[in-house]
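Chain by chain, the residues run as shown.
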Amino acid sequence: AQKVTQAQTEISVVEKEDVTLDCVYETRDTTYYLFWYKQPPSGELVFLIRRNSFDEQNEISGRYSWNFQKSTSSFNFTITASQVVDSAVYFCALKDGTSYGKLTFGQGTILTVHP
Amino acid sequence: GAGVSQSPSNKVTEKGKDVELRCDPISGHTALYWYRQSLGQGLEFLIYFQGNSAPDKSGLPSDRFSAERTGGSVSTLTIQRTQQEDSAVYLCASSSGGQASEAFFGQGTRLTVV
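These protein sequence lines map, in sequence, to chains A and B. If you read the first sequence in this note's numbering, its first letter stands for residue 28, the second for the next number, and so on. If you read the second sequence in this note's numbering, its first letter stands for residue 28, the second for the next number, and so on.
Next up, chain A with everything else stripped away, as it sits in the complex (with noise of 0.2 Å):
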């Protein structure tokens, strides 16, 4: 079965901080995907970023930057240099071959964000 797990309910930081989202994921699969996703105040679910099980290259987008290590299960996130706007729900998910399609997410981290 599949499971993610994001141990960080809350986190609170002050602008300017660095911040790292932790997310650990089960499956039994040898190729899956793994995706991260940010929920504004707003409500609406805005796609991040996709990694496969096969590229364990890190990845920089501007101030994100995602950490991919297979030997760990982990895939973390961190924001450099945080701003308010980051302040959100962040969750990670997993989709595998044995759920085709199926996305299931971590339970969120909430990020505040503090000017």
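Hint data in this document are derived by calculation from the structure and do not stem from the laboratory. By construction, the Cβ of each residue, glycine as well, lies at the ideal position given by its N, Cα and C atoms. Be aware that one or more of the hints could be misleading.
What the simulated footprint calls covered on chain A by chain B, stretch by stretch (three residues with Cβ under 8 Å from a Cβ of chain B suffice, anywhere in the stretch; the number is not a length) [unchecked claim]:
| hint | segment |
| --- | --- |
| 1 | 58-70 |
| 2 | 74-87 |
| 3 | 132-140 |
Starting from the known structure of chain A, fit chain B onto it as the hints suggest.
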């Protein structure tokens, strides 16, 4: 349309009534999902449609919940004899259908059962 559209945005219903929630996916997307998000909680999978395949209904919490997708496009989630614990935001998403494809979400329907 440009994105996933859900209607209504908000629905208040009396306990015991039936409700229908509608989802218009992105044109051309073959996969459609329904999730439920209770206040302060994560995303609970309800049902998944992929093309003409039989839907994955494994997440439906009871037989009061059902969903259909007509013509491979619009989907309706029906909740019969609503209960207060059904109060939540119901989110619809669609994707192009490939295993690697990301899902795009609608703005959700906030259901309140009084």
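So, going through the hints one by one against the coordinates:
Note: the segment 58-70 of chain A has 6 residues with beta-carbon separation from chain B under 8 Å; the three-residue rule is met and the coverage holds. For a cut-off of 8 Å, the count of residues in the segment 74-87 of chain A with a CB near a CB of chain B stands at 3, and the three-residue condition holds. Given as covered by chain B, the segment 132-140 of chain A passes the check, having 4 residues with a CB less than 8 Å from a CB of that chain where 3 are the minimum.
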